Each structure stands twice: as C-alpha cells, then as structure tokens.
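Engineer: Residues per chain are reported as follows:
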Amino acid sequence: MNYSPASALARGFSSFTKMGKKYGVEWWILVAGAVIVLGIVFMAAFPDIFTTFNPYDQAAGPQLAPPGGEHLMGTDNLRRDVWARIVFGSQTILRVSVLAAIISSLIGISMGLLSGFSGGILDRILSLIMDSVYVFPGLILAIAFAAMFGPGVINITLAVSVIYIPTYFRLVRGQTLSIKQELYIEAARAIGASSSTILREYIFPNVIATTVVVFTLNVADAIMIEAALTYLGLGLPPSVVDWGMDLAMGKKFLPSGQWWLITFPGIMISLLALGFTMLGEGLAEILNPRLLER
Amino acid sequence: MRHLAKYIITRTLLTIPMVLILLSIVFLVLRIMPGDPVSSMLGGHAPEKVIEQKKEELGLNEPMAVQYVSYLWQVAHLDLGESMVFKQRVTTAIADKLPATIELTACGMIITLILGVFLGAYAADRRRQVQDSMIRLYGIVIYCIPVYWLGLMLQLIFGIWLDVMPIAGRTGPRVFASTFEQTGFYLIDTLLIRDFAALKDVMIHLTLPAFTLGLTLSGIFIRLTRANMLDVLKADYIIAAEARGIRHSRIVYRHALKNAFIPILTMMGLQVALLMAGAILTETTFSWPGMGRLLLERIYLRDYPTIQGVIIVFALIVAGVSLVVDIIYAMIDPRIRY
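Chains as they are written, first to last, in the working numbering: chain L, 1 to 294; chain Z, 1001 to 1338.
The following block holds chain Z by itself, in its conformation from the complex (with noise of 0.2 Å):
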C-alpha cells in the first residue's frame, strides 16, 4: 500500500510540468499573435492614447517576461485572473460553461464505450466471418466521418426532415433554465428539483450532440476492443471454461470481455483529448454553450486571460484523467511502478 501510495504522488507531480509547458506555449502564442485585446474591444476608432493608457493599465506594456512570472505566480495562488474584454472572472466565465461541456462529452463516452466495446467484443468473436468484416468497416467509415459534418447530416435528418429533434441550444424555447439551475450540469439540476417536464427537453436537446460524438469515437473502440479481445480469446483460460462446457456467449462477454478491459482503460486516457476536440466542433455544429464555443469566441476578441484559463482547465482534464487511469491501472496490476 505505501508503494502505491508513492506511485500516486510522483504521478500526480509530473502533470505539473505537463501544464506549465502547455500553458507556456499558449502564452507565447498569444502575445505573437496579432491584434491586443484592447484594440479589438475598443474597436479601431478609438484615439491612440486611450488604447495607450488602457494597455497600461492592464499591464501589456510591461516586458514579456514579467507578464509571464507574474500569470504564473496568479495561477500558482489558483487564480486565474479577470478577462480583458468583459467585466469578469476568468473562474466565473469557466464555471459557466464548463458543466454544459462534461454534461456533452460524458453522454458522449458512455455511448462511445456501450457501442465500441460491445461491437469489438462481438467482432473478436465472428472473427473473419462477415460480422468481423461489416464492424471493422464501419469502424474504418465513422472514424474518418469529421464530426462536425456527421453533426450537421444528423441535424439534417431529425432536426430538418424528419423534424423530430432540435438543432441548437440545451434547451427548447419554453423551458427556462434559470428556473432550475443550481450545479449547471442540467440532467442533474433538472432530476433535484423533479421537474420532469423539462428533463426530457434537456434529454431530448442533448441526444443529437451526444450521439454525434459518441458515434465518432466509437470506431477506435472498437479497433481497441476487437484486438484486445482477440488476445484474451486465444489464452489458456478461456480455453479450460470453453472445456467446462460455459456457455460460450458468458465465456466471451462475461469472462474475456472483463480482461480484455484493463487495456481498454488505459486508451481512455489517450482518447479524452480526441473527445475534448470532438466536443469544440460539435459544440460550434449544435450552438452548444460549451467551453469550445467559449475559447472561439475569446480568441477572436484576444481575451488572453480567459483562452489562458480554457486552456489550463483542458490540460487539467486531461491530465486528470490520465492520473486516474494510471492509478486505477497500478491498484489493479501490482507490477506498474516508477
């Protein structure tokens, strides 16, 4: 137990310099970048020395370098500073938008893991017989379908044709959020204060978006699955139950299936920056008000604080994640340690 536990506190502080790094090319990147906050958001009439003294008083007159000493020495004392543009915490700005993107790409993972481990697992099981082959093309199609075009073919066909489905927003025109808003993850807020009439309104405008990306991923799930479980299946155990006489649907989805998982895990933790992309575009496809709609936007208006903070919340979520397979992966299998 103390070995893990010295395995969980190197991990944790060798994300440290993972972030730093991002977060300083982001940093140099953006003061590259052409164009000031201040310029964009007083608009190109404002007389020179106005946009002068406004730098100055949000210290971008001052060397690069101290800039960057004292953001870091901010976001050292986890604050993450107010934006350039508008009137707000960078913390405030994130903490709105946040929930609305984790609500999209949860939905979107447990629909990618229930169709990409379930269709690789059966996969493995027809291996080289016409189901083996129809999952692995499709696996092959959906991966290199951008999301962001599958998003609008799926708009165009429940939200347009058939018109069964909304195309935009989390919520419809009659359902308020402000009437139920309390953590912004809105299934949960919707089911805490039992309004059910708008639960369904919440479920009903999240499927296309979730679907959209669930759907994207899931052909690397099913590559992930399919290999893994072909492995499992050749080892001795599996042989010996078969030889049991299990019943050969349990031996494969209960018995390798539970195996071949672990290899799975880890992959997750790769696969969250595919789906943190994948949520920016479907987010931009269905006007989700999302932290991709949010870093768009602010880019635009050079809001260097803020692209900053969205930056540093996706590295930290990553990087997250990453830490919490790896230490999941290293309490299952004793062998992994630094």
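Chain L extracted, bound-state conformation (with noise of 0.2 Å):
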C-alpha cells in the first residue's frame, strides 16, 4: 500500500465518486449543499480575506456608486461598500439561524423525550401547547417576541428559537412513543434498568438520528425567518451589519432604480437557505429514503 498524500487524495476522490453512483442525484445535492455552506462559513470566519473595506466605513466610495470597478457590488447611500457589508453580515445570521436552531432543538428534544417517556396528563397538557404553536404561523410569534425582547443578537436568536420548539418535541414524542413499545425495552426494564437509563441509554441514541436532518431544514428557515423580521424592523439593532436589515434599507431606493442593494443580499439569504436545505435533503435521502418520499 502506497501512503503518499496524492495517492490518498485520490483515493479519497474515488470513493467520493463512488458515493455518487450508489446515492445518484441526492448525493450530488449533498455536496453541493455542504459546499455552499460551508463557503458562507469560511467568509464569515475570515471576513478579511474576502475585503479590504469596513463595512461600517461611511467615506469608503462615491454615494449610490453603481456595482464596478472598486466596488464589487457598488455603495449604498451612507457611501457604505455593499461587498463588504454582505461578507460581514453572514457572521450576524449564521450565528443567529445556527443559535437559534440549537436552543430549540435543546428544549424541544429534552420536552418531546420526556413528554412521550412519562405519558399521563403531563404528556397531554404539553402536546396540547406545542399543537396549538405548531399550527400556527411561526413568524407572527417571532414577530411577538421579537418585539418584547427588544433589538439584540441574542434577543432575536431567542425570537427565532422559540418557533422550532414544538416540531422537535413532535417528532421526538412520537419516536419516543413508538420506541417505548419496543421489546428492547421491555428487556432492559427487565434487567433492571433504571428510567433515567433507558431514557439516556436507550431511547435518546435511537431518537437523536432522525432530528439532524430536521435540524438542517430549520436552520434553513431560521435564516429565511430572521432576515424577515429584520427587513420588518425588528430584532436588531442598527449598528449591527445584517442582509435583512440592508434589504430593508435598500427597498427605499427601489423606485430610483438603485437595483444592487435590494439584490445582493436577497441573493445571499436565498443561497445560504439553499445550501442548508440542499444539505438536509440530501442528508434525508441518504440516511433514510422515504422520509421526504411523503
């Protein structure tokens, strides 16, 4: 065997190839998926590679300079560099979207595990709270929150979170409810397992595989939903550097045909979406093929 690291590259691309004659499309749309994301992340990450400008620098061009030259995508009317607002203002909804989809998912899962585990009236009191918030439309909650939390980073990440929590414990109730019957179960009970042991040991490793897709999909929301109320006003407050927010600054020169501040950073929150969304389908296809079949 040869360990030289171009025979390991190449082996590493064959079986990457080779991945995607046995997945087909969805390992194509994982991919894809991975590397948009993970290409917002490293501009976020190393935001001075990508710029040389401030994104708060009100004297870096002319004012309303069209995309060109100097200025990849132009000035908006602060003389602000739009380019380098866009790779400073993935750090704000990546932080928010990725926060946000974990906070909720920590209390969603932890609900949904205990809710289904214990049954009884608890069980029924939370599934009637978390229905009733499933079905209804998550933004005008946020929207809710948004505005009692007041403008902040992590006010907004709490805003956004608070939505997710029911589609978590749906799903990890009903996982837990169905694993509860399971004869492993009854087996461990039976050696004497502990509740607690077979919550932890047991249920919890069977039911964490299922929510990593879902938890993709909704940090794809999650950042659709905090450039919405952002672009609404809420959530932040203007000193921070964010899409929503340029989006919503640059709605006002609409009319006057100053088309690059309403479009690029609508084409970042989409493309950072897509790339979630792509990974989780593709995450969904391959870890378990009728999922999404539905």
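It should be emphasised that the hints constitute simulated quantities derived from the structure, not laboratory data.
Misleading hints may appear alongside valid ones.
As the list claims (entries may be wrong) - No farther apart than 30 Å at their CA atoms in a straight line, the calculated lysine-lysine pairs in the DSSO-like style are these:
no., chain 1, residue 1, chain 2, residue 2
1, Z, 1006, Z, 1258
2, Z, 1049, Z, 1006
3, Z, 1258, Z, 1234
4, Z, 1055, Z, 1006
5, Z, 1054, L, 21
6, L, 251, Z, 1200
7, Z, 1200, L, 252
8, Z, 1234, L, 22
9, Z, 1087, Z, 1054
Given the structure is predicted, the values throughout are model-derived calculations rather than measurements.
Please assemble the complex out of the two chains, which come individually in their own frames, going by the hints.
Structural biologist: What follows is the structure, given as structure tokens:
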C-alpha cells in the first residue's frame, strides 16, 4: 500500500465519486449544499480575506455608486461598500440561525423525550400547547417575541428559537412513544434498568439520528425568519451589519432604480437558505430514503 | 351520518383550547414587553400623573390575572374590545383590513395550487427524466427564496425596469375605493357595481403581490403532489386503466390526480400558516393595507387589544381552515373518526 498524500487524495476522490454512483442525484445535492454552506461559513470566519473595506466605513466610496470597479457590488446611500456589508453580514445571520436551531432543538428534544416517556397528564398538556403553537404561523409569534425582547443579537436568536420548539417536540415525542413499545426496552426494564438509564442509553440514541435532518432544514428556515424579522425592522439594533436590514434599507431606493442594494443581500439570503436546504434534503434521502417521499 | 355529526362537533370543540393557548401566550408576551400603550400614545413628555390616570382608566394597573380573566370574559362574549391608542373598536379595525388580506391570500393560494399541482403531476409522470429534475430544482430553489425578496425583485423588474405594473397599494391614483367599497373585497365590489375600469385597476394591483405569494409556496405543493402522484401511479387500477388502452395523459391528469388530491388537501390546512406568514411579509413589501400591516403598526404602538384581536383572528383562520379540511376528509374517507 502506498501512503503518499497524492494517492490518499486519489483514493478519497474515488470513494467520493463512488458515493455519487451509489446514491445518485441526492449525493450531489448534499455535496452542493455542503459547498455553499462551508463557503459562506468560511467567509464569515475570515472576512478580511474577502474584502479590504470596513462595513461601517461611511467614506468607502461615492454615494450610491453602481457595481463595478473598486466596489464590486456598489455602494449604498451612506457611501458604504455593499460587498463588505455582505461579507460581514454573514456572521450575524449564521450566528443567529444556527444558535436558534441549537436552542430550540435542545429544549424541544428534551421536552419531547420527557413527554413521550412519562405520558399521562403532563404529556397531554404539553402536546396540546405544542400543537397549538405548531399550527400557528411561526413568523407572527416570532414578531411578538422579537418585539417583547427588544433589539439585540441574543434577543432575536431567542425569538427565532421559540417557534421551532414544537417541531422537535412532536418528532421526538412520536418516536419516543413508538420506541417505548419495543422489546428491547422491556428487556432493559426486566434486567432492572432505571427510567433515566432507559431514556439515556436506549431511547435517546435512537431518537437523535432523525433530528439531524430536521436540524439542517430548521437552520434553513431560521435564516429566512431572521432576515424577515430584521427586514420588518424588528430584532436588531442599526449598529449590527445584517442582510435583512440592508434589504429593508435598499427597498427605499428601489423606485429610483438602485437595484444593487436589494439584489445582493437577497441573493445571499436565498443562497444560504438553499445551501442548508440542499444539505438537509441530501442527508434525508441518504439516511432514510422514505422520509421525504411523503 | 350520526358519526360524522359527532366527529364535526368534537373536532370543532378541539379548536377552542388551541385559540385559548395562543391567546394566553400573546397576552403574557405583551404584558412582559417593555413599554405600554399609554406611554407610546402620549409620547415621552407627558407628566407622570396624566400617564398614571390614563393607565388607571384603561385598567392597566389591575393585577395581570384580573386583566386576563376580564379579557377572556370579553372575548367569550365575542367582543374584542376597543383600541387603547385610537378611538376605534378592534373589530372595526380588523373588519377594515381583513378583506384585503383574504383577497391577497386567496389569489396567492389559487396560483400556488395551479402551479404546484400541475407541475408536480407532470414531474411525477416524467419521473427521473430531465423535466422531473428541472421541476424539482425549481421547487427547492423557489422554496429558499424569501417571499419579501421575491416581491422586491418582481417590483424591480415589472414595476421599475419594464414599468408595466404598480408596486404599491390596492388601487391606482384615479380609482377611488370609496365609490365601490361594500364588502372590502375589491374584486367583488367592483363586479357588483359593474365598474370594469376599476376592476381592471384592482386586478393589476393584485397581480404582483398574488404572484409573489403564489410562487413562493408553489415549491411545497410541487413536492407534495409529486410524492403523492408517484404512489398513486404505482397502483393497480392505474395499470389496469393503462391496459384498457385509456390515453396516458387522461390517466395521469384525471384518474391519478383525482386520487392524489386527497392528501394534498389535508396538507393545505398546515400550509395556511405559511400563507399567513407570507402575506404579512408581502403586505409590507407592497404597502398592502391588510392584517399584517395592522399588526406591525400596532406592535410599535403597544396597542394590546388590537394585537390580541389580530392574533385571535389569525388563529381562528388557521383553526377554521384545518377544521374544514378535516371535515371534508372525514366525509371522503369514512375510516377517519375520533
């Protein structure tokens, strides 16, 4: 066996394409999604590689200059560089949407486990509350919560996370209910395992796998909700660089034809949401081909 | 038939706790929120005494539990109260804005259904071919485009560059709504008095917002229809129909689509929430005087009764649609019972 880096790379590449043959289009959807997401994450992590302008610099160039030349995506009414705001804005939206998905998954999963496992009156009350919130338009709730918390990065994250708790709750509760009936749970009980051991060692590992796909699609949705809230003027103070806020500001210049102010932030929001959606779709298809057929 | 009646009654009663829970959440959220209607109405410069007096008048100094119970009592009598900021009944404010939102969402839904169901059925028929991949790609991409941005881009293209469409409002400057307004649904109102010039104007103003909303949701319906059609197309009776020599397009778009439509119908109940959320954003983009604009406006003013009223109406719409859908489903499929 030859262990030179070049051959390792070649082997890696051939297993990569083999996966493509095995899973077909879904594998390439997954790869494309991963490339988009990693690209934007890289941009957020190392913004200075991508732009030399400061996103707050109000003397970056002439006012409302169209794209081209020194300013790749033009400048806005405050003479700031649009591309620099795109690059730095990726940090805000990624932070908020991923963190919101983490918070809601932690709360939703633990409540779903508890509710499904314990059953009884607690389960009925929790289910009723969660179902009510689940069918209601999430954005409207997020608007109410964002208004309550006031502007701030942490506040908007919490407002966004509230609306996804029922998604995890329902998924995990349903799974817990069906796993509870399995023979191996009865066997575990028979050898004297405590309830917490059963939850931790037997149910949790079986439930967590299915939430991966939901998590990825959840981030995609949270991206659009975050941008929607800031577009509506809720959730963030003006001092933060954010795509949704730039979109709302650019909207004022639409009638006068300054198209670059709305076009680029919108493309980025869509692209980021698309990346996470493709990642989720690809994962879903590969992990469980029947899941998305419904 | 008696079973069905029983089902309808139980199902209707089940929507009450849902509305109640949402109302309670919003009631709590509003009271915890910093700021209050009196301060935002009188501005920051009003003397403390005036603010306190006004708060007392509006019952804002009562303990929260008392406010909550008295509000529920009011709602139970189908009274949404009076705005705390304007001299206006909440029901009047909502009745004023609701038709605009319903007109927009209904037209959006029709566009979504036509696009989604047709493209989804076509994709399923051409499974694993180029057309299928293209339609699925369209479905995923359109789903990821935020509805407010799609609206802005359509405004830019059709309203500014091509200059063929208006970008704001429900009517143009030469059409006065007061001359025909009866129900608040401008499409119906203009038809009622046969003012076709106004009808054309109303339709032109409706086009971009309705397409914005309709296009965004079409992706979900494409996926739903395609998945259901794939199942149906595998069924024995489709193969039997094929064997009888019935034209292929007739089998796909008549026989199969009819059967695939039932699960699509049930999913429509859940999509109403997305439709409402989309409507709020579309209304903001197109300066559409509907419920979304009302909600946002009143949130800034901390007008508790109006915000609560709007939430109740949204909850009732969502609950009502899913109720109707479930009942239709129970009528079609007798196995569904509680």
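Engineer: For every hint, state whether the structure bears it out.
Structural biologist: Okay, the hints, checked on the actual structure:
1. Z:1006 to Z:1258: The hint holds at about 28 Å.
2. Z:1049 to Z:1006: Status violated; Cα separation ~56 Å.
3. Z:1258 to Z:1234: Between residue 1258 (chain Z) and residue 1234 (chain Z) the Cα gap is close to 14 Å, so the pair holds against 30 Å.
4. Z:1055 to Z:1006: violated (47 Å)
5. Z:1054 to L:21: violated (72 Å)
6. L:251 to Z:1200: holds (27 Å)
7. Z:1200 to L:252: Roughly 28 Å separates the two Cα atoms, so the pair holds.
8. Z:1234 to L:22: Answer holds: residue 1234 (chain Z) to residue 22 (chain L) is near 24 Å, not above 30 Å.
9. Z:1087 to Z:1054: Given pair residue 1087 (chain Z), residue 1054 (chain Z) holds - Cα atoms ~14 Å apart, limit 30 Å.
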